[in-house]
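Novice: Listed below, chain by chain, are the residues.
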Amino acid sequence: MADFTLRVNGAARRVSSVAPDTPLLYVLRNDLELNGPKFGCGLAQCGACTVLIDGKSVRSCSVAVSAAATGAITTLEGLGTIEKLHPLQRAFIEEQACQCGYCSNGMIMAAKALLDGKPRPSEREIKEALNDHLCRCASHNRIVRAVQRAAKEMA
Amino acid sequence: MKPSLSRRDFLKTGSALVIAFSLAPDALGQAKPALLPGSLNNNRMLDSWLRVDADGTVTIFSGKIELGQGIGTALAQIAADELDVDLKRIKIVHGDTALTPNEGQTAGSQSVEQSGTALRFACAEARGILLNAAAAKLGVAAGALTVNDGTCVAPGGKSAAYWDLVGDANLKREAQASVKPKPASEHRWVGKSVLRRDIPKKMTGGAAYVQDVRLPGMVFGRVVRPPSPGARLVSFDEAAVKRMPGVIAVVRDGDFLGVAAEREEQAIKAREALKKSARWKESASLPPSGDGLYEHLMKSRSVDSVVSEKTSASAAAPAKTLNATYTRPFQVHGSIGPSCAVAQWREGKLTVWTHSQGVFPLRGDLAKAFAIEPANVHCIHAESAGCYGHNGADDVALDAALVARATSGRPVKLQWMRDDEFQWEPYGSAMVMKLSGGIDAQGNVVGWTHEVWSHPHNNRPGAPDGVNLLASWHLEKPSKAPTPADPPLPTGGGERNSIPLYDFPNQKVVKHFVPEMSMRTSALRTLGGYSNVFALESFIDELALAAGADPVEFRLRHLKDARAKAVIEAAAQRAGWQPNAKGDGVRGRGVAFAKYKNLACYVAVVADVEIDRASGKVRVTRAVSAVDAGQIVNPDGVVNQIEGGIIQSASWTLLEAVRYDRTRVTTLSWADYPIIHFGDVPQVEVVLINRPEERFLGVGEGSQGPAAAAIANAIANATGKRLRALPFTPERVKQALA
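The listed protein sequences correspond, in order, to chains A and B. Anchor point for the first sequence: position 110 equals 98 in this note's numbering, and the numbering is continuous, going up by one each time. Each number in this note's numbering comes from the position in the second sequence (counting from 1) with 2 added on.
Among the hints, erroneous ones may be present.
[As the list claims (entries may be wrong)] Here are the simulated EDC-like cross-link-like pairs (lysine to aspartate or glutamate), alpha carbons at most 20 angstroms apart as the crow flies:
no., chain 1, residue 1, chain 2, residue 2
1, B, 203, A, 71
2, B, 182, B, 49
3, B, 194, A, 82
[To be verified] Computed far set for chain B versus chain A, every beta-carbon distance over 12 angstroms:
no., residue
4, 148
5, 291
6, 451
7, 733
Source of the hints: derived by calculation from the structure; they are not laboratory data. Even glycine gets a Cβ: it sits at the ideal position worked out from N, Cα and C.
Just chain B, with the same shape it has in the complex:
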């Protein structure tokens, strides 16, 4: 494997000079460029964001990719408004290492904030340039022109359209962000629930996914993963499998085993045969299950840091102190479509069609894995099933590329089988949250501590010191897995959303980062946010109960942020919240709140539950949510994300945990990992608080945490029993009620 280059090495190589220059001109002794808005700052050329074509269309380029969250539609709405063109004229190219800006990962609910903001400013500036070109052509002042769907009209009626000005308007220049985007009152598309552009083809069998990519001469690949994380391949019957119908190649490299065949079902049969004949040496490498997992996590070597601390000398001493420990198991992304990629080698160059959330970081890791220049790897994004974070998308790209080395230039489409995904996707980390809080005689919180133990939440490709692709670690000459990253707040990992937004006079938040992973973990929707909000917002209710206070009033009393208060009040109002109402043993109601990452959208959720005391089954019957995401680009898009987040969170919270023994992951199919079904899905209502003059706030992950805590609080409200260990399975509920 090629070692990573230092900055000095970068500057020495001619081909990388451009990269270093565009990223950091100050390194060359130049003045630091002005800070530009959103992703424009790292991708400063206007023509890297949009192109106007003579055929009457505008193509926008985004490094953020569509994964079913509707980002393509939202970005098109923003561009159409700033350019004054009809939405139909906008084409979009997502995530292509040869064509689009590098915007890193599509993650963290940041696409509208980063890509949308960049496009907004780039398109506003482009409109100004186009207007000037029209003015020059028409011999009038630019200020005298009006624009109607891309046609600039002068007083008197003379006109010039953007598409006629392609030769005159030069967008090959660095953005200045000097043109102020439109105020909300002038938006025609932003703020409207425009129908998503990607849906019609998905509903009619159009080619919409990487699984639908078909290339001339394409063959089908499958991988044969080790039966357990610690297993080494001892032997297998290569000759017998090579004789099977349609088999083109059996690829073995260390502990990596893959196969290519003419037909997909032949590849699957060959995989089965390989699995049957392969002998592995296994070892027990997995952590204990059940409560033992959390003891193990808390005893593991950790890097400890204080995330937040404040003290007040004037605060009263606590009259009552409570302690509680909350846990969350390993959980999967569980994409309905297993990960898939198409790879092709031609003259030493690799092209990969991938549903990776970050085509540029993937390109870098593939280049390192094959010890070739990144310029020789072309990653093209194609959609797949929703991923909700870092699933097998990147790993399968390397699998396909490894198998494609043995197919003489024929492209290989390789999709994981269901068990590959369950056993090998990186999981959301198991976590422990230990909280302590004190209330004074008036029932106000005077002290608060939150300790969190967690494995890493970000082991995506793109790390400086290794390769974050599964198969690369199994090769005969393995790549080094990078040192697990622990990015600080505001990004954060395990500590995300661990700092309360409430105003407590004494507060301490401590993170115990456990870098040695007992299971492979990485980014699952919200990272640590889901677990921390679950714990924090459960504990607030525990303190409210101890203080004899109503949970809504108790939260409002401790909040200063008016926008936070507004979502709690709106959700409570819509739900018909009755202060101090007690559950009846079967039915109950709970509330919870978070500002995602403490910097993105504000979300409050009120959940109603119904408990079957005999079976222990909990059903969420209704969830009401209120959301403030600043200026809303596509209201229905926001509702869809919040609603989906609540229901997915209900599934995580009530049902989901990875099963394993000390050697193997035993979750292999949906039968081993039930998720929520139609019959158990709550009715969901979402109240939007639009703030057109405020900046965009990311929304995609905002409801996950509050939904979990609202359910926990509703169960406590219904039964008087507090559940602190996720998931709230019937067995656990029955045990609590016994």
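For reference, chain A alone in the conformation it holds in the complex:
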């Protein structure tokens, strides 16, 4: 068991008595009570748990908290709030880009990483960036439109 200071959404967050190999996901969800990252598969196959570490899209179910403690972590909550939405969040709402919304966290976070590196991606590039994120309600086309919409707004 060990204590860690994580940098999450711009703030230092202390978590104590956690096994170093604990997947970051459980620390974010249970210790820090963040709802954005979701448990989907625990195997880095679905993308529901995605967060950014130092701007890079990462599956938090498969990263140990000890490894994550060295980077700057951004979760869905770190992008914006209902009162002050990030353009991606606003675009997902405007495009009604979900049914159940369980995968949306991963879609938005992966799109954030994409747009940060490539502000005007093509449709193909968006699909490639999201290809390993699973959506079962099949809102794929809406998600692509939402990312395009956000890119336009952010440009």
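Chain A is fixed; fit chain B onto it per the hints.
Specialist: Same frame as chain A, now just chain B:
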């Protein structure tokens, strides 16, 4: 386990008298009450549907739950219109056994039809009551009042708002459904693509799901399921696991094994350790795979019935007869979020936060499993990932409650791991559809038979004679699994959508219901509808080809229903359908149609496919759909359902089948069960045919079947090869093209 009560027993017990009374007054010798619209008929008190509060809000109560289909928004639109209030004033409570009407399951594309219709009439009547109260207060005739966002205004300007009339307007009365709801022309919200109310919090990390429920003192649970359906627990190392960090309890009851720990990752590690140490006695209980599965299904004991039969003496004898057999494997719901529940015991009473589609039936089964009164079980709905039918949602509620018995009143949040869901959720049944059809010299269909073999499609909680919860069968004193239900049409199961809507002079539809399940099966989106429409609409194309007819013209020729024709024509037009166009070996186009359940929405789909002949991979490049759902409440909501249904169906149709050997299910992760990815998702266009003066028609499952058949027909159009065994994997396509 407590035996179920007979009706006579019900009437003998005082506490149940009320239930019996409200459900069936005629049983007490009273006059049968008037039939009320939608779910109002079984939940007849106005105040069970809505409440007006002094703070300027209206709360509506629905037994139907939100599962990402947008039902909360659609119901709010309906209520706001009938009440003449702004949509922002509407609050909604879904599925709570202490608060909402009992509307059974949220299933079968029936929520707008049942709950929406009830709310529409209840709110129209409530508006009348509120108007009368305002009129009395203002000393004017009710007819002279106008209502603006809940404020009743008299000529001259005096006014009274609903929120000021709370004490005067009594909604604690039985609905009469005597106030006619508004015509479509007076709707302000219904018919508009209002943004869904549940989405903003989901996009910003708000607490939106059962997974986000956090209670004081809460601990985390996991289950250790048997490695195979026939396995029995022989031994495990309880002491070693109990010594692991954070472990609070190891629960063993027969073949049920679960664990609770302070932290979630500790529960997961304890689960792993239990799995490693547990010894099971396994047995081969699963059916054969591949074609053997279908032979097995057709040879199994079945209950056979004629679903539909008509004969015509005047019809011509067939000049040509075709036969074809279509198959569909076991398929999963595959929710992205594994099933989850939070359970807490306090003084012998159980509270469960659950994403069950039916909180009341779940309450009943939990009560039976623990041999307690249903009144001592409180089920509260909270959303989860989309479920598309009966997944592990109900089962995990019992798992959490079993583990929570060992945590001294501390609530337990228990989520299944991915492999729990893949191995143990009830599957959509494997099915066989055997069709035969004859055409006369003019190329018209003169004879049609459709035989369908299927396991049950409805093994949800709420059955009268047992408990439909997985863990209850694994306990030392197991509950009895109920006799599998085979509800007749129009609900139906395996025979859903097996009766053609086409006008054939001779027709026979036969159902072979196979109650002994070689795999546990239950409701997956459309039940048998997907498979039957796939078969029926594939076979129509086969007959059209034999008749040398264009598939669109051939369908229209055999249809009388004008609304059915209209969706086919609209889809064909939007897609740019070229009559009698042939594919080029690589690209092709197909059409298909269904009226869901033969009573809900009309959907036609035109699909374009592209086939990589070297690899056998099929890609659906474009799908165009036309939909008639009667009066549309939320157009974008309808589009979202139809579009999602088409893409999900493309995934089922091209990729999906549960893998297993004779002992174990070997589908454990997404690597074993690929679903459609972004790169393979077709472009989808949806044409809506709104009919504002028609009643609501359920839409949530309407496109699944037509999409599958349109893809099959497009492949046949492209290659000249007919695929009849789902899914159309690259191996199968390559084999067909070889």
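Novice: The output says residue 148 (chain B) does not contact chain A. Does that hold with a beta carbon cutoff of 12 angstroms?
Specialist: holds (33 angstroms)
Novice: Given the proposed pairing of residue 182 (chain B) with residue 49 (chain B), does the C-alpha separation stay at or below 20 angstroms?
Specialist: Answer holds: residue 182 (chain B) to residue 49 (chain B) is near 18 angstroms, not above 20 angstroms.
Novice: Quickly compare the C-alpha distance for residue 194 (chain B) and residue 82 (chain A) to 20 angstroms and report which way the hint goes.
Specialist: holds (14 angstroms)
Novice: Quick one, are residue 203 (chain B) and residue 71 (chain A) close enough, alpha carbons at most 20 angstroms?
Specialist: This hinted pair holds, its Cα atoms lying about 11 angstroms apart.
Novice: Over 12 angstroms to the closest beta carbon of chain A is the bar; see if residue 451 (chain B) clears it.
Specialist: Residue 451 (chain B) is indeed farther than 12 angstroms from all Cβ atoms of chain A, at 34 angstroms.
Novice: Using Cβ atoms and 12 angstroms as the threshold, tell me whether residue 291 (chain B) really stays out of contact range of chain A.
Specialist: holds (23 angstroms)
Novice: Quick one: work out the minimum CB distance from residue 733 (chain B) to chain A and report holds if it exceeds 12 angstroms, violated otherwise.
Specialist: holds (22 angstroms)
In this structure, none of the earlier numbered hints is contradicted; all agree with it.
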